[in-house]
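Q: First to last, the sequence lines map onto chains C and W.
At position 94 of the first sequence the residue is numbered 95 (the working numbering), and the sequence of numbers has no breaks.
At position 71 of the second sequence the residue is numbered 771 (the working numbering), and the sequence of numbers has no breaks.
Heads up, a few of these hints could be off.
Claimed, not checked - Derived lysine to aspartate or glutamate pairs resembling EDC-like cross-links, with alpha carbons at most 20 Å apart:
#	chain 1	residue 1	chain 2	residue 2
1	C	K108	W	D756
2	C	K71	C	D55
3	C	K108	C	D79
4	C	K108	C	D27
5	W	K757	C	D4
6	W	K757	W	E744
7	C	K57	C	D70
8	C	K68	C	D55
9	C	K37	W	E744
Everything labelled a hint here was simulated from the structure, so no lab data went into it.
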Amino acid sequence: GEDVEQSLFLSVREGDSSVINCTYTDSSSTYLYWYKQEPGAGLQLLTYIFSNMDMKQDQRLTVLLNKKDKHLSLRIADTQTGDSAIYFCAEKLRGGYQKVTFGTGTKLQVIP
Amino acid sequence: GAGVSQSPSNKVTEKGKDVELRCDPISGHTALYWYRQSLGQGLEFLIYFQGNSAPDKSGLPSDRFSAERTGGSVSTLTIQRTQQEDSAVYLCASSSGGSGANVLTFGAGSRLTVL
Numbered sequence: 002g003e004d005v006e007q008s009l010f011l012s013v014r015e016g017d018s019s020v021i022n023c024t025y026t027d028s029s030s031t032y033l034y035w036y037k038q039e040p041g042a043g044l045q046l047l048t049y050i051f052s053n054m055d056m057k058q059d060q061r062l063t064v065l066l067n068k069k070d071k072h073l074s075l076r077i078a079d080t081q082t083g084d085s086a087i088y089f090c091a092e093k094l095r096g097g098y099q100k101v102t103f104g105t106g107t108k109l110q111v112i113p
Numbered sequence: 701g702a703g704v705s706q707s708p709s710n711k712v713t714e715k716g717k718d719v720e721l722r723c724d725p726i727s728g729h730t731a732l733y734w735y736r737q738s739l740g741q742g743l744e745f746l747i748y749f750q751g752n753s754a755p756d757k758s759g760l761p762s763d764r765f766s767a768e769r770t771g772g773s774v775s776t777l778t779i780q781r782t783q784q785e786d787s788a789v790y791l792c793a794s795s796s797g798g799s800g801a802n803v804l805t806f807g808a809g810s811r812l813t814v815l
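Put together the whole structure using the sequences plus the hints.
A: Structure below.
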């Protein structure tokens with residue numbers, strides 16, 4: 002069955018890199034996602050990666066996927082105070098109409 | 701519509717009353733999800749609708765919770781005999797469904813406070 006886990010909290014200094022980690026249990030995941038939730042708002046997609054990829058980079062964001070260890074990470078370079086939010090990883094299993102399952106979310110605090 | 705619309709944005713009710721929360725998904729999206737987010741907590745999956753298939757209700761916490769989706773579009777989440785522990789933000793999301801990337805678009809949520 003699907004189970005997605007994340008650490009609850011991460012604190013970094015402005016300008017440093019942030020690395021948010023996620024583990025999942027189902028090896029049949031096809032798509033893995035990172036969503037961002039700013040205070041008082043719904044979630045917005047940041048990026049996603051297909052399971053046959055190891056890495057995806059988009060400006061300050063780098064997603065790394067280790068399929069052997071079922072580990073997904075999101076690296077934010079040059080973290081800014083505007084990056085303070087809750088970050089959720091999510092997975093979608095193989096199959097036409099599988100639902101997307103979310104992790105518990107990691108609250109990122111950026112210290113000026 | 702351009703996005704996922706939820707109403708009401710805020711609801712304060714007394715313990716024991718029934719409440720209805722509405723979600724208007726993006727036109728043409730076949731998949732619709734309801735989640736609950738309590739203060740400081742992650743997302744708790746409640747229910748998933750996909751086209752005309754039977755909904756996945758595995759996340760509903762008790763029989764006081766129910767949801768329907770009429771005509772494959774608008775969805776209503778109903779909570780009967782509300783309890784204080786039902787206080788949370790209820791988030792709705794929709795997606796195109798299918799075997800592709802299935803990016804979810806979320807509404808802004810309905811904040812429920814049970815006194």
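Q: For the pair supplied as a hint, K757 (chain W) and D4 (chain C), is the alpha-carbon distance within the 20 Å limit?
A: This hinted pair holds, its Cα atoms lying about 17 Å apart.
Q: So if I understand the rule, the pair passes when the alpha-carbon distance is 20 Å or less; does K57 (chain C) with D70 (chain C) pass?
A: Since the Cα atoms of K57 (chain C) and D70 (chain C) sit roughly 18 Å apart, the hinted pair holds (cutoff 20 Å).
Q: Need the status of pair K37 (chain C), E744 (chain W): alpha-carbon distance at most 20 Å?
A: Distance ~16 Å between K37 (chain C) and E744 (chain W) Cα, so the pair holds.
Q: K108 (chain C) and D756 (chain W): Cα distance at most 20 Å?
A: Since the Cα atoms of K108 (chain C) and D756 (chain W) sit roughly 28 Å apart, the hinted pair is violated (cutoff 20 Å).
Q: CA of K71 (chain C) to CA of D55 (chain C), is that 20 Å or under?
A: Cα-Cα ~11 Å, so holds.
Q: Would the pair K108 (chain C) and D79 (chain C) pass a check requiring their Cα atoms to be no farther apart than 20 Å?
A: With Cα atoms ~17 Å apart, K108 (chain C) and D79 (chain C) stay inside 20 Å; holds.
Q: Given the hint that K757 (chain W) pairs with E744 (chain W), test it: the Cα-Cα distance must not exceed 20 Å.
A: Judged against 20 Å, a Cα distance of about 12 Å means the pair holds.
Q: Taking 20 Å as the top limit, are the C-alpha atoms of K68 (chain C) and D55 (chain C) close enough?
A: At roughly 8 Å apart (the allowed maximum being 20 Å), D55 (chain C) and K68 (chain C) satisfy the hint.
Q: For the pair we were handed, K108 (chain C) and D27 (chain C), check the Cα-Cα distance against 20 Å.
A: violated, 24 Å
Comparing the model with each numbered hint stated earlier shows that hints 1, 4 do not hold.
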